[in-house]
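Protein chains: 2
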Amino acid sequence: MTEMMSPDQLEAALRAVGAARYHDKHPFQVRLNAGDLNRDQVRAWALNRYYYQSRIPLKDAALLARLEDPALRRAWRQRIVDHDGETEGDGGIERWLRLTDALGFARDYVIAAHHILPGTRYAVDAYVHFVRERSLLEAVASSLTEMFSPGAIKNRVAGMLANYDFVSKEALAYFDKRLTQAPRDADFALDYVKREARRPEQQQAVIAALTFKCDTLWAQLDALHHAYVEPGHIPPGAWQP
Amino acid sequence: MTEMMSPDQLEAALRAVGAARYHDKHPFQVRLNAGDLNRDQVRAWALNRYYYQSRIPLKDAALLARLEDPALRRAWRQRIVDHDGETEGDGGIERWLRLTDALGFARDYVIAAHHILPGTRYAVDAYVHFVRERSLLEAVASSLTEMFSPGAIKNRVAGMLANYDFVSKEALAYFDKRLTQAPRDADFALDYVKREARRPEQQQAVIAALTFKCDTLWAQLDALHHAYVEPGHIPPGAWQP
Chain A
1 MTEMMSPDQL
11 EAALRAVGAA
21 RYHDKHPFQV
31 RLNAGDLNRD
41 QVRAWALNRY
51 YYQSRIPLKD
61 AALLARLEDP
71 ALRRAWRQRI
81 VDHDGETEGD
91 GGIERWLRLT
101 DALGFARDYV
111 IAAHHILPGT
121 RYAVDAYVHF
131 VRERSLLEAV
141 ASSLTEMFSP
151 GAIKNRVAGM
161 LANYDFVSKE
171 ALAYFDKRLT
181 QAPRDADFAL
191 DYVKREARRP
201 EQQQAVIAAL
211 TFKCDTLWAQ
221 LDALHHAYVE
231 PGHIPPGAWQ
241 P
Chain B
1 MTEMMSPDQL
11 EAALRAVGAA
21 RYHDKHPFQV
31 RLNAGDLNRD
41 QVRAWALNRY
51 YYQSRIPLKD
61 AALLARLEDP
71 ALRRAWRQRI
81 VDHDGETEGD
91 GGIERWLRLT
101 DALGFARDYV
111 IAAHHILPGT
121 RYAVDAYVHF
131 VRERSLLEAV
141 ASSLTEMFSP
151 GAIKNRVAGM
161 LANYDFVSKE
171 ALAYFDKRLT
181 QAPRDADFAL
191 DYVKREARRP
201 EQQQAVIAAL
211 TFKCDTLWAQ
221 LDALHHAYVE
231 PGHIPPGAWQ
241 P
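Chains A and B, in that order, give the protein sequences.
The first sequence: position 74 = 74 (UniProt numbering), numbered continuously.
The second sequence: position 69 = 69 (UniProt numbering), numbered continuously.
The hints are simulated quantities; they were obtained by calculation from the structure and are not laboratory data.
Possibly wrong hints are sitting among the right ones.
What the hints assert, rightly or not - Distance windows between CB atoms, simulated:
hint : chain 1 : residue 1 : chain 2 : residue 2 : range
1    : B       : Gly104    : A       : Ala61     : 54 to 60 Å
2    : A       : Arg66     : B       : Pro27     : 39 to 45 Å
3    : B       : Thr87     : A       : Lys25     : 17 to 23 Å
4    : B       : Gln240    : A       : Arg66     : 35 to 41 Å
5    : A       : Asp36     : B       : Leu161    : 53 to 59 Å
6    : B       : Glu196    : A       : Arg66     : 31 to 37 Å
7    : B       : Thr87     : A       : Ala19     : 28 to 34 Å
8    : B       : Arg195    : A       : Lys25     : 15 to 21 Å
9    : B       : His115    : A       : Asp36     : 52 to 58 Å
10   : B       : Thr180    : A       : Gln78     : 55 to 61 Å
11   : A       : Ala61     : B       : Gln9      : 49 to 55 Å
As the list claims (entries may be wrong) - If you want the footprint, here are the derived chain A segments under chain B, 3+ residues with CB under 8 Å:
hint : segment
12   : 48-59
13   : 75-81
14   : 154-161
15   : 195-209
16   : 219-226
Every residue gets a Cβ at the ideal spot worked out from N, C-alpha and C, and that includes glycine.
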């Protein structure tokens, strides 16, 4: 029988999941930050991760559609604004496309996502389905990877700027914005799960949801590593450098 | 503008998808058949593929739930009988568990599927979601990988029996049954799509559905290959040999 944790114990358990499983420890991410990838490998990362970025507002809209409280909806709605922008040419998805622009991809090619890795697509879609199908508490908890992203972003941006002459500060503008957006979102979601997980099994479901989300990020990098770092393993139909 | 194909041209296009993308050409499958995997790698394959087997009747039930015609339902229902059996201890899932038994896994461990690769889970779940969410025609078409399985199964069984002293004919009983079940199922589904795809875009959707399904099988082997053939890449939480 699992014991009830205090809210702070729950937070500590969530931070332990991040320490063990957040994708900043994935070999592909370590190589990306250290400058050990070539331009085509960085291109593959940006191309595939666009699909993740593009699904985030759909995930957030699916969650928004289940929030009964206008105050919660107002808070959650900001995530969609951040990704989609106030006007054409604004927002996180647009900023990601500036990165793929800088890496030489045509926008239509990136947006169509026909040639991303199947492993990317399945991992990202698994996240969207999780948010649609699980409890609201688990859906909110699955967003808690934002707790760990500011530190990872700082390392990533510093590493990429230091190590890749084909990546500029402007091309990485997406991450600058996330440094302020992610902590605000993470604080909100963390307060929510600490308050709303009122039974031991709910607390365990919150931890499992964050673990699941870490796995979806990790699996995206597994797919990239297998296809574009190990030679000869690009699956049929995926982008060929 | 895509032109309408004759039913036989559609069949030829579907066979071309299999020739290019069916997973018998995946490096992991080639190694499995050739005896180039060690026992732990074969164990990883059997453990992970159990999850695929376990989801197939759920996928078929989701499809059955959308078939309006009793005659079609009677035909499709047989797939569920084949996997679940007439009685306890019968059926394809049970036969797969005899393989994991023979490879030294506890049944509870296999059935819980807590330690399969996330990449396996996402690929399999992607297939189940596809069948639930797409048109009936696409759902039926996604089963057409059965067209290519008898040849692949013959090679796999012969290769595994010749090359692995830890695999017996009894442990591979699953595949014996599939040699008669798969062609019957494939003939039914192929007749269905040749008859029901009445517009060029429906024919293209049928081809895309089979391509999608091939990708889900390929991605499962990508995940296995990355985790258990390349050293040092087992993701957090997955089975450790």
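Margin query: Checking each numbered hint in turn, tell me which of them this model violates, lowest number first.
Written below: 1, 3, 5, 7, 8, 9, 11, 12, 13, 14, 15
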